[in-house]
Amino acid sequence: MAVSKRYPVPKDIEIAQEAQIEPILHIARKLGLPGSSVELFGNIKAKIDWKLGQSDLPKRARYIDVTAISPTPLGEGKTTTTVGLVQGLGYRGHRAVATLRQPSMGPTFGIKGGAAGGGYSQVIPMEDINLHLTGDIHAVSAAHNLCAAAIDARLYHESRWSDAYFEKLGLQKLNIDPYRVGIGRVVDMNDRVLRHIITGLGDREDGPVRQSRFDISVASEVMAILALATDLGDLRSRIGRMVVAHDTKGKPLTAEDFGVAGAMTALLRDAIKPNLLQTLEGQPAFIHAGPFANIAHGNSSVIADQIAVRYADYVVTESGFGADMGMEKFFDIKCRTSGLVPDAVVVVATVRALKSHGGGPAVVPGKPLPNEYKEENLDLLRRGLSNLVAHLGIVKRFGIPAVVAINAFPTDTQAEWDLVRETAVQAGAFAAVVTHHWEQGGEGAADLAEAVEKACEAPKQFQYLYELNQSLTAKIETIARDVYGADGVDYSDESRETLEKLEADGFGTLPICMAKTQYSLSHDPALKGAPKGWRLPIREVRLAAGAGFVYPLCGDMTTMPGLPSKPAFMGIDIDESGKITGLS
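Each residue of the sequence shown is one higher than the last, beginning at 35 in this note's numbering.
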């Protein structure tokens, strides 16, 4: 270990700041990456040439996806387990790599905190990962907002000048419908007051007045495209295909139509290169792209995975939130693009989170943890295990072996672990293992690593959830029924009309990317466990033609989160030496 272990374990940021970080060139060499492909950002971060993902080297690594039960305020430790598994595989003598999303500063400063792992299983430097890193999210924001500015500029000029004037410029009027502009602006922050805005206020020169919105940057289609692109040419093509508005006759207008796609892609010239960092124990970690999992597809980049599988023995990636969210999209969207299929899935659970799904009391920030989570309570745990069983059922639907990682807490008892293990195996898990990586790093995840190695060798019969030639409604209803456990789907009149129009416009063969709450298998965050007897409401449907999916908005799902009453940023500070405190 690069840092000394002690009990109690220090705060995440203290461990990260005490670590002896290896020069990133050493990490790249250990992985076997050619030096000419490594672009240094100081001594401890680097960008890697995306072309390595297109090389003739064979794709030799075992490929593992880490998912979880439905998240709770108690935390399940999915990223920590992902990093711990990579460390555990390294402890057992394998060349292992983590591929993770870059955290958004919205959740970092909001409720969730950062996403670099924790304890002795984290990627470092964690401050850089959670705060800007190499600027990829800012590049995404700039590209998106350039497109939004191009649309409003064209609206303004078309309202002032004749067709003949545009012909002199070598352009044709687009006849944009101001009520059907598909994108607003984005910012990488939780800012609820920007969900609905009015633009163009002021003088005539300030443009036509219209209603618009802000989304969080990681909900931008540009971010989803960055994560799914296979190379620079594919990125350019996808950006060009983005449907960003419609004309007055209902015809889709793309970024290419506005002449802005090339410039948008130019802003992403460096962002397409995966970022290379390291775990506390010196394993490589690619941190690249960060699409939201409850709005977009919630997975790190295809390019990072394509590079990693050529140079590692094991590649461990993480899909956002639970198996109903990021994992389903991982299989039905990302795997369709990358051509990679996992050899195993790890489902992360904790005893206390399962108790929450069993009806445990609410956890109030700043107040002591209720006793139900600190004392043995097998009845409460037994009720909550329905959520784990449901998530294992989702994994089984795709035909991939599942290993349950029981992320240990000091308040857990042996009887509780035994109950989780027994239930998981009965529900079809290949294995269920208690793991202690948070406190012990790779050594504490050795048993989990061994179980995953065996699962990777087990037979699998992978299948997608649906076929792309099915109708959009059929695909939506398959997800609702087979993944969420809904009795059916209720469409608003607006969403039905949109789905019919998308089919007519030729977008019916795209996969579905559901936007719903992560806190429940249903659309209602209050419904814990495995709710029955409910229907999924579809409020609105949007198109991400460049990313290559259609995303229905379920229930009250918003694309711009808000800050809580006591945000995480209140505990973050920096001293005169530049040392950051309070980041988690």
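Treat the hints as calculated values from the structure; they're not laboratory data. You may find that some hints are simply not true.
Unchecked claim - Taking CB as the label site, the calculated pair distances span:
| id | residue 1 | residue 2 | range |
| --- | --- | --- | --- |
| 1 | Gly-76 | Gly-540 | 21 to 29 Å |
| 2 | Asn-77 | Glu-201 | 53 to 61 Å |
| 3 | Phe-200 | Ala-560 | 17 to 25 Å |
| 4 | Met-604 | Phe-200 | 45 to 53 Å |
| 5 | Asp-590 | Gly-567 | 14 to 22 Å |
| 6 | Asp-240 | Leu-203 | 21 to 29 Å |
Stated by the list, open to error - In silico BS3-like cross-links for lysine-lysine, where the CA-CA straight-line distance does not exceed 30 Å:
| id | residue 1 | residue 2 |
| --- | --- | --- |
| 7 | Lys-401 | Lys-93 |
| 8 | Lys-45 | Lys-408 |
| 9 | Lys-600 | Lys-93 |
| 10 | Lys-494 | Lys-79 |
| 11 | Lys-81 | Lys-93 |
| 12 | Lys-535 | Lys-285 |
| 13 | Lys-45 | Lys-79 |
| 14 | Lys-93 | Lys-79 |
| 15 | Lys-600 | Lys-401 |
| 16 | Lys-45 | Lys-81 |
| 17 | Lys-45 | Lys-93 |
| 18 | Lys-600 | Lys-613 |
| 19 | Lys-202 | Lys-79 |
| 20 | Lys-285 | Lys-207 |
| 21 | Lys-494 | Lys-45 |
| 22 | Lys-45 | Lys-401 |
The beta carbon of each residue, even a glycine, is placed where N, CA and C say it ideally should be.
Hint by hint, here is what the structure shows:
{"no.": "1", "hint": "Gly-76 x Gly-540: 21 to 29 Å", "verdict": "violated, 47 Å"}
{"no.": "2", "hint": "Asn-77 x Glu-201: 53 to 61 Å", "verdict": "holds, 56 Å"}
{"no.": "3", "hint": "Phe-200 x Ala-560: 17 to 25 Å", "verdict": "violated, 53 Å"}
{"no.": "4", "hint": "Met-604 x Phe-200: 45 to 53 Å", "verdict": "holds, 52 Å"}
{"no.": "5", "hint": "Asp-590 x Gly-567: 14 to 22 Å", "verdict": "holds, 20 Å"}
{"no.": "6", "hint": "Asp-240 x Leu-203: 21 to 29 Å", "verdict": "holds, 22 Å"}
{"no.": "7", "hint": "Lys-401 x Lys-93", "verdict": "violated, 49 Å"}
{"no.": "8", "hint": "Lys-45 x Lys-408", "verdict": "holds, 20 Å"}
{"no.": "9", "hint": "Lys-600 x Lys-93", "verdict": "violated, 46 Å"}
{"no.": "10", "hint": "Lys-494 x Lys-79", "verdict": "violated, 37 Å"}
{"no.": "11", "hint": "Lys-81 x Lys-93", "verdict": "holds, 21 Å"}
{"no.": "12", "hint": "Lys-535 x Lys-285", "verdict": "holds, 10 Å"}
{"no.": "13", "hint": "Lys-45 x Lys-79", "verdict": "holds, 23 Å"}
{"no.": "14", "hint": "Lys-93 x Lys-79", "verdict": "holds, 25 Å"}
{"no.": "15", "hint": "Lys-600 x Lys-401", "verdict": "holds, 13 Å"}
{"no.": "16", "hint": "Lys-45 x Lys-81", "verdict": "holds, 28 Å"}
{"no.": "17", "hint": "Lys-45 x Lys-93", "verdict": "violated, 38 Å"}
{"no.": "18", "hint": "Lys-600 x Lys-613", "verdict": "holds, 23 Å"}
{"no.": "19", "hint": "Lys-202 x Lys-79", "verdict": "violated, 49 Å"}
{"no.": "20", "hint": "Lys-285 x Lys-207", "verdict": "holds, 13 Å"}
{"no.": "21", "hint": "Lys-494 x Lys-45", "verdict": "violated, 40 Å"}
{"no.": "22", "hint": "Lys-45 x Lys-401", "verdict": "holds, 19 Å"}
Violated hints, in rising order: 1, 3, 7, 9, 10, 17, 19, 21; the structure is consistent with all others.
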